[in-house]
Amino acid sequence: MSVPAQKPVTQQAVNTRPVQLWVAQILAILRIELKKNLMKKRNIWIYLLAFGPVVVIALHVLLGSSDPGGLSEDTNILADIFQLFYLRLAIFFGCMILFTWLYRGEVVEKSLHYYFLAPVRREILIIGKFLAGAITATFIFGLAFFCCFGLMYAHYGRAGMAFVFSGPGLGQLFAYLGVTALACLGYGSVFLALSLIIKNPILPGAAVLLWETFHAVLPSLLQKFSVMFYLKQLCPVSLLPDDGLSLFIVITEPVSPWLAVPGLLCLCAAILIFACFRIRRTEISYLAD
Amino acid sequence: MAVYKRTYKAYRGAMTPGWSRFTVLSRYGFATLFDSRMFTAFTVLSFVPFLVCLVFVYVLHSATAQQVLHAQFGRDPNSIMTNYWFLSFLGVQAWMSFILTAWAAPGMVSKDFANSSVQLYLSRPLSRAEYLLGKVSVLVVLLSFTTWIPTLVLFLLHASLQGHGWGWDNLWLAFAIIVSGLMWIALISLLAMALSVLVKWRIAATALLLAIFFLLPGFSFVIEAILRTAWGSLLNLPYVVTLAWAQMFRVSAPQHFRGRFGMVPTWSAWVTVITVCVLCVWLLHSKLKAREVERG
Amino acid sequence: MISPNNQIVFENVSKFYGEILGVNRVNLSLPPGVTSLVGPNGSGKTTLMNLMTGLVQPTQGKVSVLGLTPDQPEELFRYIGYCAQFDSFPKGVTGYEFINSFLRLRGLSSQDANRLTWEAIERVGMTEAARRKVAGYSKGMRQRMRLAQALAHHPTVLVLDEPLNGLDPMARSESIALFEALGKQGMHVIVSSHVLHEVDKISDQVVLMSFGYVVAEGQISGVRSEVKEHPMQILVRCSRPSMLASRLFAQDHVVEAKLHTDGAGLLVRTHDADSFYKLLSQIVQDKEDDFKLEAVAPADDDVNSVYQYLIGSGGGTV
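Residue numbers (the working numbering), protein chains in the order written: chain A, 1 to 289; chain B, 1001 to 1296; chain C, 2001 to 2318.
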């Protein structure tokens, strides 16, 4: 082992302005985390979750349907799939796996201390990790739904093309992708914060799932604390109420998209601020999870 | 010349018999679970519906109690205490037991993997099957006390209060309660154990268990809607189990089970349950091994 | 003169993990050089290191490193390199990626990070294995790679928790030489180790710990002289040890004088080393005795002896 003289080599980074430094650090965190999130074998579950419906629709296209429903019926089915499968379940569980792993995974792999020992504010670390999770989730689920959408309407040939490019199709697609991104941000922040507080955030996560599923039967004030409340209103195609729940639904005044989007982003920011406070007091303790 | 002082003496005392050795794991398993106050509180909570129903059955048969409580349940308790009533009670308890399993089971095995203690256990005179038996027995006992045992107690209470050979005439119902309960316990215990052994991380195992019971029904809906078939519902385990139970309890399946594309036959529900259990046993057999693989 | 900003300071620091004591009422001021933390398992060495690096927070008191507190991570961690006890790495990384990614996190450009990564890897002799996945490394290789990561950014304070664990004898001596050289360059090198004779050779000062308390601190000879209840052991190599022994027995402060097995030396135990040295110089000057002195050296002012005296076997295993 050789012993070269010690010089303060990282001084140049100190001399840069804080904002520049924070951006550089967030980019470095994104580089590490995105590679982990997108390439790791462990995350195959998320890909399966997201692309399962794509495979089913591809099968439907390849095998041909014995009961072609028509454009409007398939538009409704797609809306059903988006709201009942993607929004309520797949994105929820996907974010649960992804965002829980962002922090808890480091604890399980006993590698969190490497981050804590870097000259990075812990708040920057949380923001970087959150952004990496949000980008990954939005990319995977957005791409998956884009494929569903494409396959669904490609099936109809010219009529499908006309629906997408001359009709409401393209607008619907953008709305769906926007809602996907918002859902990833909303659920992501919830699970990141939960993973900072609780060792096994899955059971509280199940409680969140119940809250989100049954939010429609809650009093209107409480409904506003649900991510689904805002997202549902941003979906381009409305669903008929669930048979089992329709009797108990509490009708709440709808919120305009101009309020729903900032409302959701505020909720997400509030949770992230809490997470930042929390991480500042976090200590390294690698007890078996 | 060398002098060796042989002071070490191997243990020659009494040993626990081999057949009951797995109970050591069970004992420690129970102790660990009930160390958690939250878990203990939830276990107690899961008995609340039973206690309420116990009182209800008593009141149903007691005119005096009904008078005191100003309650009117009609003349014939049998019109309320139907097989559908017992099925509903078992259903509620089954969901309670599911939460208990999701809470307790993943930690039992995955913690052993995380702390590399599976190797320690299996280097003792304890086979893989006994190790698993030790862990599963905790769940079986716990879940039995929250599912079929309370339902059976209610059945016996009703039978004893009803008299006139009601119990004997409805012995099939007792059989249905026990078999349905055990089927549910086998399904969720094996699933929870297999998933824990597969992912070896408590949090992921809990998430997967929840995903199988909540997310797969969503995916089954996608299959049904896109492929226009009822067979997708075989991925919906709660649906499949309810279908099998409905047959056991001799009631018709709930109305909303008959979707746009009809309902799968009951035999397919049984085949699904058995297939899932066999798959879990296979997973446990192939993954529960005392070895560690380092990959470069 | 050492300014307070050049020291690692613990001011009345206590750390409790629930009801379990980590360290209690620690007051320390560590100057540059090699400092060894010595104590049995569970004595609080790692807690002290974790407190220093902000991985755990004190229940009470204040810790500052070079005048900076863990609340200022952007400043503090430019100067600290910590090779923690955890033999763990982010999953799936190569040795190079491991060091490089965390250098990039420091805000360094790709070029600088690359240069520093290779420099650190070369320093620990891991160049050939650097592109291989860490999961395939031996324990010693993993230890070296973690050491490289702690050193890569040229820290001023290097904190090493059991850095010699898993290293083969060659790598051990190389590492010890490295720590010593870094200490001589004016760095703070804080080492915890169970191999007392190895750290003894390079330590400028020691901190002895037991059950969460600092039992002794300072230069090892100074610490030894403070341990009054155990007589000092001094080995004298001379021509007439029996004559010396007879002269010594007349002194009150000498507890024991034992002839060396080769007949050319004497092991003396005394309560008053200064008086002993005075007497010895008189004997040497006294021409009548025909006494030839070859060497005089303290036999128990090393870390091991001090450890035995202050902590002993009751302290745990070393």
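Some clues are possibly wrong.
Stated by the list, open to error - If the Cβ cut is set under 7 Å, some of the chain B residues that face chain A in the computed set are: (1) Leu1157; (2) Leu1161; (3) Gly1163; (4) Ile1203; (5) Ala1211; (6) Ile1212; (7) Val1222; (8) Leu1227; (9) Thr1229.
Bear in mind the hints are in silico, worked out from the structure with no lab data behind them.
Ideal Cβ positions, reconstructed from N, Cα and C, are used throughout, including at glycine.
Going through the hints against the structure:
1. Leu1157: violated, 31 Å
2. Leu1161: violated, 34 Å
3. Gly1163: Violated - the Cβ of Gly1163 (chain B) stays beyond 7 Å from chain A, reaching only about 38 Å at its closest.
4. Ile1203: Given a least distance of 5 Å, the restraint on Ile1203 (chain B) holds.
5. Ala1211: holds, 5 Å
6. Ile1212: Violated. Min distance 11 Å.
7. Val1222: holds, 5 Å
8. Leu1227: holds, 6 Å
9. Thr1229: violated, 9 Å
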